[in-house]
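Peer 1: Given next are the chains, with one letter for each unit.
Number of protein chains: 2
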Amino acid sequence: MQFHESPKFPRGFRCASRNVGLKPKAKDLALFVSEVDASAAAVFTRNQFPGAPVILGRETIVGGRLRAIVANSKCSNVATGAQGVESARRMAAATAAEVGTTADRVLVSSTGVIGVQLPIELIERGLAGMSRDLQTNPLVGAEGIMTTDTHPKALSVSVGDATITWVAKGSGMIEPNMATMLAYIFTDADFDSATLDRMLRAAVHVSFNMLSVDTDTSTSDTCALLANGLAGPVSEPEFLAALTAGCIRMSEILARDGEGAKHLIRAIVRDVTNEQDARRVAKSLVNSPLVKTMVHGADPNVGRLLMAIGKCFDCRIVAASTDAWINGTAVVRGGQRLDFDEAAVRATLTAEVVDLEVSLGLGDASATAFGCDLTGGYIDENAAYYSS
Amino acid sequence: MQFHESPKFPRGFRCASRNVGLKPKAKDLALFVSEVDASAAAVFTRNQFPGAPVILGRETIVGGRLRAIVANSKCSNVATGAQGVESARRMAAATAAEVGTTADRVLVSSTGVIGVQLPIELIERGLAGMSRDLQTNPLVGAEGIMTTDTHPKALSVSVGDATITWVAKGSGMIEPNMATMLAYIFTDADFDSATLDRMLRAAVHVSFNMLSVDTDTSTSDTCALLANGLAGPVSEPEFLAALTAGCIRMSEILARDGEGAKHLIRAIVRDVTNEQDARRVAKSLVNSPLVKTMVHGADPNVGRLLMAIGKCFDCRIVAASTDAWINGTAVVRGGQRLDFDEAAVRATLTAEVVDLEVSLGLGDASATAFGCDLTGGYIDENAAYYSS
Numbered sequence: 001m002q003f004h005e006s007p008k009f010p011r012g013f014r015c016a017s018r019n020v021g022l023k024p025k026a027k028d029l030a031l032f033v034s035e036v037d038a039s040a041a042a043v044f045t046r047n048q049f050p051g052a053p054v055i056l057g058r059e060t061i062v063g064g065r066l067r068a069i070v071a072n073s074k075c076s077n078v079a080t081g082a083q084g085v086e087s088a089r090r091m092a093a094a095t096a097a098e099v100g101t102t103a104d105r106v107l108v109s110s111t112g113v114i115g116v117q118l119p120i121e122l123i124e125r126g127l128a129g130m131s132r133d134l135q136t137n138p139l140v141g142a143e144g145i146m147t148t149d150t151h152p153k154a155l156s157v158s159v160g161d162a163t164i165t166w167v168a169k170g171s172g173m174i175e176p177n178m179a180t181m182l183a184y185i186f187t188d189a190d191f192d193s194a195t196l197d198r199m200l201r202a203a204v205h206v207s208f209n210m211l212s213v214d215t216d217t218s219t220s221d222t223c224a225l226l227a228n229g230l231a232g233p234v235s236e237p238e239f240l241a242a243l244t245a246g247c248i249r250m251s252e253i254l255a256r257d258g259e260g261a262k263h264l265i266r267a268i269v270r271d272v273t274n275e276q277d278a279r280r281v282a283k284s285l286v287n288s289p290l291v292k293t294m295v296h297g298a299d300p301n302v303g304r305l306l307m308a309i310g311k312c313f314d315c316r317i318v319a320a321s322t323d324a325w326i327n328g329t330a331v332v333r334g335g336q337r338l339d340f341d342e343a344a345v346r347a348t349l350t351a352e353v354v355d356l357e358v359s360l361g362l363g364d365a366s367a368t369a370f371g372c373d374l375t376g377g378y379i380d381e382n383a384a385y386y387s388s
Numbered sequence: 001m002q003f004h005e006s007p008k009f010p011r012g013f014r015c016a017s018r019n020v021g022l023k024p025k026a027k028d029l030a031l032f033v034s035e036v037d038a039s040a041a042a043v044f045t046r047n048q049f050p051g052a053p054v055i056l057g058r059e060t061i062v063g064g065r066l067r068a069i070v071a072n073s074k075c076s077n078v079a080t081g082a083q084g085v086e087s088a089r090r091m092a093a094a095t096a097a098e099v100g101t102t103a104d105r106v107l108v109s110s111t112g113v114i115g116v117q118l119p120i121e122l123i124e125r126g127l128a129g130m131s132r133d134l135q136t137n138p139l140v141g142a143e144g145i146m147t148t149d150t151h152p153k154a155l156s157v158s159v160g161d162a163t164i165t166w167v168a169k170g171s172g173m174i175e176p177n178m179a180t181m182l183a184y185i186f187t188d189a190d191f192d193s194a195t196l197d198r199m200l201r202a203a204v205h206v207s208f209n210m211l212s213v214d215t216d217t218s219t220s221d222t223c224a225l226l227a228n229g230l231a232g233p234v235s236e237p238e239f240l241a242a243l244t245a246g247c248i249r250m251s252e253i254l255a256r257d258g259e260g261a262k263h264l265i266r267a268i269v270r271d272v273t274n275e276q277d278a279r280r281v282a283k284s285l286v287n288s289p290l291v292k293t294m295v296h297g298a299d300p301n302v303g304r305l306l307m308a309i310g311k312c313f314d315c316r317i318v319a320a321s322t323d324a325w326i327n328g329t330a331v332v333r334g335g336q337r338l339d340f341d342e343a344a345v346r347a348t349l350t351a352e353v354v355d356l357e358v359s360l361g362l363g364d365a366s367a368t369a370f371g372c373d374l375t376g377g378y379i380d381e382n383a384a385y386y387s388s
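Sequence lines, in order, name chains A and B. Anchor point for the first sequence: position 278 equals 278 in my numbering, and the numbering is continuous, going up by one each time. Anchor point for the second sequence: position 313 equals 313 in my numbering, and the numbering is continuous, going up by one each time.
There's no promise every hint is true.
What follows is a list of derived Cβ distance ranges for each label pair [as the list claims (entries may be wrong)]:
| hint | chain 1 | residue 1 | chain 2 | residue 2 | range |
| --- | --- | --- | --- | --- | --- |
| 1 | B | Glu236 | A | Thr150 | 55 to 63 Å |
| 2 | A | Arg316 | B | Gly232 | 44 to 52 Å |
| 3 | B | Asp380 | A | Leu122 | 35 to 43 Å |
| 4 | A | Ala347 | B | His151 | 31 to 39 Å |
| 5 | B | Leu338 | A | Arg125 | 26 to 34 Å |
| 6 | A | Leu338 | B | Asp133 | 33 to 41 Å |
| 7 | A | Glu352 | B | Glu236 | 38 to 46 Å |
| 8 | A | Asp314 | B | Val353 | 29 to 37 Å |
| 9 | A | Ala82 | B | Arg249 | 38 to 46 Å |
Derived by calculation from the structure, the hints in this document are not laboratory data. Think of the CB as a built atom: it goes at the ideal place given N, C-alpha and C, for glycine as much as any other residue.
Sequences and hints are given; from them, build the entire structure.
Peer 2: In structure tokens, the structure reads:
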């Protein structure tokens with residue numbers, strides 16, 4: 001898949017971002033608009049304390065049509081009760097008025113601190129006139145939704161005559177199980193919302209749902225796909241392939257920018273009895289603090305890999321058929337540590353991307369999980385980040 | 001429960017520890033002996049790559065009688081195949097010869113690095129004459145099994161005429177689900193092995209199995225209970241109460257000495273639909289990196305508590321009935337963040353013990369989990385600790 005060197009929007013999509021006073025100076029509000037109504041699908045967090053925007057978003061997406069997405073950072077509008085939902089509704093209404101649509105065609109997201117009421121007046125005031133700022137660089141929208149991200153995140157790719165563009169944020173409180181952080185996907189291809197929904201779920205299953213920075217599933221995760229049809233029909237299999245590749249690429253970008261992370265860890269688990277086991281073992285590897293610190297320390301400590309595989313109590317695992325590789329070097333065969341060139345493997349562990357490959361030798365299923373190393377940077381960031 | 005000021009052994013138990021050359025200088029071998037055969041029960045790790053000593057131990061404990069425990073640190077004898085099991089057998093045989101019993105009455109443990117063959121000759125040589133060192137201070141035995149522990153761990157308590165004594169080690173790769181690290185429990189009370197087994201499982205269920213330093217379940221966890229009967233019969237309910245209290249106390253000691261830890265975290269979850277949900281939510285709280293760093297940063301970030309509760313997707317949770325307290329101060333009512341005195345709560349978070357209490361408002365079940373904060377010390381220790 002050839003991603004564009006600089007990300008660009010599909011036909012008819014534009015975005016803007018502003019500082020509206022939630023943060024001292026940095027941008028804290030982003031607006032994404034299609035010039036015509038778009039078919040839409042979305043998936044949300046499985047956390048049982050969903051934020052007000054997720055509660056509202058589940059209602060909104062039932063219509064299958066969106067014209068705009070509005071998202072603020074700094075305050076997540078979670079654990080804010082009826083007043084929070086009312087604020088989310090006002091945010092949708094103010095956006096609809098600004099871009100000339102109805103509130104039921106606006107998806108709202110909020111990200112940031114939990115348990116604080118949304119300063120909705122600041123957002124309403126800030127939205128006024130914002131449609132005049134709309135422009136075509138997706139990175140401008142990405143800037144408006146950053147929290148602890150170190151850089152704005154956008155990608156785009158061509159599929160036939162159409163374009164698919166990803167705009168996302170997220171670097172901590174990330175283990176999606178249903179969707180992920182905030183990830184918005186825009187295309188000018190023509191699909192109905194049912195088809196979009198099916199394709200989005202398939203792509204998310206192998207990408208954002210296999211991503212974990214810290215095992216902590218946010219209360220605000222939202223991933224939406226909007227198709228405004230301006231490029232006409234596109235081959236569905238080609239579109240799905242591109243959508244999936246881009247979601248995987250964006251998952252890798254998010255993992256690499258995990259709080260404090262220095263390495264992307266990919267755990268590739270194959271020859272497993274079934275897909276569920278493969279996913280569980282792959283997740284166990286990227287979630288293990290001892291595997292994460294092993295990568296941070298560039299230390300080929302094979303025992304930690306075995307420990308992380310073996311603690312999947314409910315998966316079918318047979319020691320004698322378990323093999324493993326670190327960055328392509330065989331380190332375990334038949335459940336036993338091999339003699340390998342430690343200095344050479346240690347050297348490969350300094351690379352930004354670390355591949356941990358496991359074969360369980362039992363079947364045909366496989367899965368890949370995306371994670372990052374655990375460093376003092378994560379501790380510093382999260383022992384300091386305060387709630388109000 | 002009144003624990004003895006200085007831990008002491010029950011009648012007939014003694015221990016010794018030595019450096020036999022596995023570590024450069026520190027003690028690396030411990031021997032625990034009863035002067036008569038003891039009834040015994042044991043539980044082991046659920047990790048699917050159990051070490052050779054666990055494989056052998058499961059076989060040994062079927063007999064229900066033990067005379068001695070021998071344990072080395074530095075090398076765990078895990079992922080070492082048939083040669084590893086043979087080494088564990090030789091370790092049992094050498095111990096039996098030294099203390100005058102048979103190999104099937106010796107429980108073997110090894111802890112330390114995974115994937116390296118046990119230097120069994122060093123251990124055999126070191127065991128020779130070791131019974132002459134046997135003495136009555138349990139802390140001497142605890143010293144021989146330390147790895148990253150910062151201090152040796154032992155406890156004792158009286159039950160009627162009998163004594164119960166705990167000797168344990170462990171500070172990382174700890175989330176027991178079946179047993180824990182190495183924890184040996186000695187008593188001179190008189191019980192048969194079936195009764196010991198039942199009581200041990202009940203005590204472990206609410207103590208070591210609710211302990212997590214880092215979510216990583218070791219391949220070597222072993223918890224054994226030996227009763228040599230020299231004090232005669234003791235009330236079973238009283239014994240079970242003391243056994244449980246001591247296992248909980250030892251779990252707290254282990255969590256407090258978690259790698260890099262500065263705080264013991266107790267997550268007390270009550271008014272839950274069933275015990276399984278209560279255990280899961282309590283574990284989710286002590287395992288969440290964002291809750292752990294929140295405690296490390298003395299930051300009453302209530303959203304992280306809600307996040308960690310809410311990510312238990314399969315548990316029955318109703319936001320409107322969820323309340324929470326930090327060190328006794330109400331911070332959440334009905335799923336919403338309360339206004340509370342942040343400075344006061346922040347001040348309580350500097351205490352060594354931090355209690356996070358949650359009521360789900362749904363039923364009668366409850367559970368308590370034991371964990372610790374996540375600090376730069378954990379990262380330093382585990383990014384440096386090397387495997388050979």
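Peer 1: Need the list of violated hint numbers for this structure, in ascending order.
Peer 2: 7
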